[in-house]
Amino acid sequence: MEILFYIFSTLTLLCGALVVFNPFSRNPVTSAMFLVLTIICMSGLFVLLKAFFLAAVQILVYAGAVIVLFLFVIMLLNIKEEERQRFRKFGAFLGAAAVAGLAWILVTTMMNSRAGERSVANNAGETKPLGELLFTHYVLPFEIVSLLLLVAMVGCILLSKTPETEEETE
Amino acid sequence: MNLTLISLEIGVALLGVLVLLAGLWTPPNRQHLLGFCTALGLTIVLALLVKQGVAVDPITDSSGGFVLDGLAVFFKALFLLAGILVTLLTMGFSNRLRTAGAEVYALNCFALCGMLFAASANSFVMLFVSIELITITFYVLTSLQSHRLRSLEAGVKYLILGAAASAIMVFGIALIYGSAHTLQFNFIANGLAAGHMKQLLLFQLGALLLLAGLAFKIAAVPFQVWAPDVYQGAPTPVTAFLAIGSKAAGFVLLLRVLYTAFQVQPDGPRLLEPAALLSLMAAATILFGSLCALRQRNLKRLLGYASIASAGYALLGIVALNERGAAAVLVYLAGYLFAIVAAFTVISILTPDDEDEDLSILAELHQRSPMMAVTLTLAVASLAGIPPLAGFIGKFLLLRAVIEPTATFPWLVSVALLGVVASLYYYFGIIREIFWGTGQWWTEKKPESARIKLADSQVVVLLICLLGMLVLGLYPQPLLELATDAVQVLKLAN
Chain W
1 MEILFYIFST LTLLCGALVV FNPFSRNPVT SAMFLVLTII CMSGLFVLLK AFFLAAVQIL
61 VYAGAVIVLF LFVIMLLNIK EEERQRFRKF GAFLGAAAVA GLAWILVTTM MNSRAGERSV
121 ANNAGETKPL GELLFTHYVL PFEIVSLLLL VAMVGCILLS KTPETEEETE
Chain U
1 MNLTLISLEI GVALLGVLVL LAGLWTPPNR QHLLGFCTAL GLTIVLALLV KQGVAVDPIT
61 DSSGGFVLDG LAVFFKALFL LAGILVTLLT MGFSNRLRTA GAEVYALNCF ALCGMLFAAS
121 ANSFVMLFVS IELITITFYV LTSLQSHRLR SLEAGVKYLI LGAAASAIMV FGIALIYGSA
181 HTLQFNFIAN GLAAGHMKQL LLFQLGALLL LAGLAFKIAA VPFQVWAPDV YQGAPTPVTA
241 FLAIGSKAAG FVLLLRVLYT AFQVQPDGPR LLEPAALLSL MAAATILFGS LCALRQRNLK
301 RLLGYASIAS AGYALLGIVA LNERGAAAVL VYLAGYLFAI VAAFTVISIL TPDDEDEDLS
361 ILAELHQRSP MMAVTLTLAV ASLAGIPPLA GFIGKFLLLR AVIEPTATFP WLVSVALLGV
421 VASLYYYFGI IREIFWGTGQ WWTEKKPESA RIKLADSQVV VLLICLLGML VLGLYPQPLL
481 ELATDAVQVL KLAN
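First to last, the protein sequences are chains W and U.
So that you can map any letter, position 170 of the first sequence is 170 in this note's numbering, and since no number is skipped, the others follow by simple counting.
So that you can map any letter, position 155 of the second sequence is 155 in this note's numbering, and since no number is skipped, the others follow by simple counting.
Hints are computed from structural coordinates only; laboratory data are not their basis.
Worth double-checking, as some hints may not be accurate.
Said to hold, decoys possible - Mimicking DSSO-like on lysine-lysine, the simulated pairs with C-alpha atoms at most 27 Å apart in a straight line are:
1) 50(W) to 198(U)
2) 89(W) to 157(U)
3) 445(U) to 198(U)
4) 51(U) to 446(U)
5) 161(W) to 50(W)
6) 161(W) to 198(U)
Claimed, not checked - Restraint-style ranges between C-beta atoms, simulated for each label pair:
7) 443(U) to 25(W): 19 to 27 Å
8) 474(U) to 131(W): 35 to 43 Å
9) 78(W) to 47(U): 54 to 62 Å
Here a beta-carbon is modelled for each residue, glycine too, at the ideal position from N, C-alpha and C.
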């Protein structure tokens, strides 16, 4: 099991880096494909943590739907400028500094905590306990999210509608 | 789940859904009736809230994520009032939103619902979900005038920056959960008090990222870049709602997170000391907003920068870390509500269809519509903090909270006073344009001089705002008592 963790986490980090920092290609489509790989590796990590529902959602929603949407947008807009764009040195420096700071905090935290300390109950990530929690303890936020989805739907329809007055004049 | 606890929110959400459905069967020339119905419905909800009164003991729901206490009730009343005024304002504006009819009223209701939940949020799940409901609704509302390029630009900018801010915030929440093992404000406070927090560094990082997300909501430096563009591009009623509703939601969450969850109090566990950071932020926000507004000629952009500065003043009350400061934030926001809605109402009436809101549209306003001239003058004076208007009381209390009982940051007060002086300059630029403006002198075009006829809904909004500014300014005692009662739940030192 442990070897699987190392394989998945290495792959996740490697693919994640290749999304934004690919020395071989500046093509946005390549970045999007590496994002798919990152997400699949991440769902593998979720499986190792016994969060099967999250793993499935990760693949279905992110790898399946969101990235396909990304690819559609990239291909429809035919982005060529991105390929010509160089790395911005200042941005890269700031990003590296932020990542280094974050990494330092995370590493010191991991050093300070002992393994297995206050670990979460083993089946908390499975689908049934998750569903039970969602519909009992977190029912109110859950319902607010449903309202949010309604807003998103209404917004999509509104924004994609062409104005009626302009249609008449055309 | 105790449904009576969230009856107001259910009422507002249902109202939104009903208006959305009713819009399907309402002919386009009757759509403004829906706005009237929405305003009426919201007024009934507000009346119910007032009748229900301030809950003496805080009531939480079974999961503990939702709390109904004095602070929540105060902000709910503020949000509902803002919602009613904005709905009335939208009625006069609806012919300019070409594609949207009933939907805009419904979306207003949904954003309002998010604000009502934000006022009661007692766990990070509720905080995140309610903020997302507000923000995502505003992405749509901002880009509603899709035939105007500016509106679309504002929507896209808000969407991208807002999504980044949300991502940062949710990462912060994850880190807080990782170190505190709970998402509820009270449990986090208990954990902090008992010294259970082992991964303190992680917790502090999480808190910092969370504060960044909230600072984006209130448009505080360095998370303010979106504000001027979005304020300028959004349809004017939406700008008004964004300026008061979204900002006040950020402040109520900031108050709750800092005082209830993180226990940032002089005698509390000193694990987080954000006062220095927040004071720097407040000073930078005041200076940035005031200095950038100096040379602005676009009215909405000017008010956008001014609202950044206002966020800075309100932050003073949080920097003070005492009960007076927290109460002053509430008083300031209440006064800000009337002034900013009044200003945006006048702008929305005056601006010609789909044109820029240049200062020159104000020329000859005192001839064209004395009522609007008086309202805008008073609104601007109130924003600048001239006695005896509502804005003065708020600013005075905020400054006093920083100085008394101990002047923790003396330099901050001088920065704030500098900001006030600068604000007098740009606010009085508006007043000068109303009474002595010559219109577009560079095109040698005579300013419009035809009298403006106001719709009933607009008159109602202007009258309510006028009354609010004057009454709160001349007789602030009841509001002060309400605000002081409301912040009792934060258990701050006096």
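Structure-based check of all given hints:
| no. | hint | in the structure |
| --- | --- | --- |
| 1 | 50(W) to 198(U) | holds, 25 Å |
| 2 | 89(W) to 157(U) | holds, 24 Å |
| 3 | 445(U) to 198(U) | violated, 70 Å |
| 4 | 51(U) to 446(U) | violated, 52 Å |
| 5 | 161(W) to 50(W) | violated, 44 Å |
| 6 | 161(W) to 198(U) | violated, 53 Å |
| 7 | 443(U) to 25(W): 19 to 27 Å | violated, 53 Å |
| 8 | 474(U) to 131(W): 35 to 43 Å | violated, 57 Å |
| 9 | 78(W) to 47(U): 54 to 62 Å | holds, 56 Å |
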